[in-house]
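Here's the letter readout for the chains.
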Amino acid sequence: MSVLGDAVVYLNDPLNWTRTNGLLDRLIEHVTISGVATGAAALIALPIAIWFGHTGRGGGFTVALSNVSRAVPTLALLTVFAVTPIGFGNKATTIALALFAIPPILTNTYVGFREVDRDILEAAGAMGMSPLQIITRVELPLAVPAIMTGLRTAAVQVVATATLAALVGGGGLGVPINLAFGQQNEGLLLAGAFLVAVLALLTEAVLVLLARLVTPGPSRRLPRRLQLRTETI
Amino acid sequence: MALLASSAATVLAVDAPNPWFSPSYIQGNADTILAALREHIFLTVVAVVIGAVIALPLAVLARRSKTVSAAILGSSTIIYTIPSLAMFAFLAPFTKLTIKTVIVGLVLYSLVILVRNFLAGLQGVPAEVREAALGMGYGPARMLLLVEIPMALPTFFAGLRIATVSTVALATVGVIVGFGGLGNLLISGFNNNFFRAQIATAAVLCVLLALAFDLLLALSARLLTPWSRGRS
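Taken in sequence, the protein lines are chains A and B. Numbered as in the working numbering, the first sequence ends at 336 without a single skipped number. Numbered as in the working numbering, the second sequence ends at 923 without a single skipped number.
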């Protein structure tokens, strides 16, 4: 039977999904790890980026962090974390992934805030808005597209990197792929790759839709900047 | 005093030293480290060069028609979103557990970065310059080779730098088929009782290699585009 056929058969066997540590367990594990990591990264990075962006401080730090994080292979950091007291397993993977997700959120939010037209800010100040009002009513709404780009970049990167955790004793959908490589099981290999790819593409699509939903009306009509993720996966 | 000394010795015996940096590891394994580094450099250079050779005609083609450029940009987003481990897993049944699997995967990733930057570079050539060249009797081929490509070089090099740095990082994942360059050292260090010296050496070399490539490309860009100096 063909490799493709093997993959289809594997994916269509309910037992492969429902048994303990089957695909469903791995999928839930993968989504949970990725969701918690991205959420934690957003909780840490957004306030800092908003503060940096509002005050104009920390620009050099933000740029340096995003450049350095690009040069560090995620697999290398994941392996290094695994041999520190953080260790490996799902909790450690989540912490490592949250750290990876901080630079894209930080950079994009910072840039989004800095790109707000200075004249608008001056007008808002002249109208008597307090700094907090300027942040929440002027800068934040205008920076939403950039913030969402940062979140999307981070989320897709986290979903992708989570598969690598399987190489250093972690869980998630990388486990069946890693297993398939070890067993030379090409059907399982394709099935696992298909699931991971679909999950990554779905993450991207859902966040593009979410960005459109949360972007205030007029900004939606602005040409969407063609921006390629440059972080490594 | 004796009690203190003996308890220290027990701690050492239970918790064998596992230093992050060990000169003796580097000295004793210089051949292995150099071989991994060579493989890493080979993977990166081959992937980026092949990617660039394919990306240039694609970018020229994409500039001609909106449909082609939409198709190329759309599929490049999809390719870039597929995680590297899944990409190698997709390729492995066809290219088997050879270095080809890693190279084809890395070429695809570098290709999608390069095609976007090459296209942006070509589109960034000012219309007046193109018109002036046309007025001077330049045909399409001479226009591309002597006017457009030189003018787009800074953007091309920006793309090459991003593609090279991310290829250095992605190549580590090639360890899944046994050809990951420094990635092989990372994972074998992990599987070998969490051998910190080996993991740290490989991780630091990865970063240094990325920085070295980046510097080399930045310097080449400076040398090749003397007119753009001073405007960064």
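Careful: at least some of the hints might be erroneous.
[Claimed, not checked] Taking beta-carbon pairs under 7 angstroms as the criterion, some of the chain A residues facing chain B (in silico):
1. G192
2. V259
3. V271
[Unchecked claim] Ranges of calculated distance between the beta carbons of each label pair, as one might list FRET restraints:
4. V171(A) <-> D722(B): 29 to 35 angstroms
5. R122(A) <-> I717(B): 29 to 35 angstroms
6. R315(A) <-> K757(B): 19 to 25 angstroms
7. P708(B) <-> R122(A): 28 to 34 angstroms
8. V171(A) <-> N709(B): 21 to 27 angstroms
9. S233(A) <-> A903(B): 46 to 52 angstroms
10. L282(A) <-> N709(B): 26 to 32 angstroms
11. K791(B) <-> R240(A): 53 to 59 angstroms
12. T187(A) <-> I770(B): 43 to 49 angstroms
13. S715(B) <-> A167(A): 41 to 47 angstroms
I should point out that these hints are in silico values taken from the structure, not numbers from a laboratory. Ideal Cβ positions, reconstructed from N, Cα and C, are used throughout, including at glycine.
Now the hints, each set against the structure:
no.: 1; hint: G192; verdict: violated (13 angstroms)
no.: 2; hint: V259; verdict: holds (6 angstroms)
no.: 3; hint: V271; verdict: holds (5 angstroms)
no.: 4; hint: V171(A) <-> D722(B): 29 to 35 angstroms; verdict: holds (30 angstroms)
no.: 5; hint: R122(A) <-> I717(B): 29 to 35 angstroms; verdict: violated (46 angstroms)
no.: 6; hint: R315(A) <-> K757(B): 19 to 25 angstroms; verdict: holds (22 angstroms)
no.: 7; hint: P708(B) <-> R122(A): 28 to 34 angstroms; verdict: violated (42 angstroms)
no.: 8; hint: V171(A) <-> N709(B): 21 to 27 angstroms; verdict: holds (26 angstroms)
no.: 9; hint: S233(A) <-> A903(B): 46 to 52 angstroms; verdict: holds (49 angstroms)
no.: 10; hint: L282(A) <-> N709(B): 26 to 32 angstroms; verdict: holds (28 angstroms)
no.: 11; hint: K791(B) <-> R240(A): 53 to 59 angstroms; verdict: holds (56 angstroms)
no.: 12; hint: T187(A) <-> I770(B): 43 to 49 angstroms; verdict: violated (34 angstroms)
no.: 13; hint: S715(B) <-> A167(A): 41 to 47 angstroms; verdict: violated (34 angstroms)
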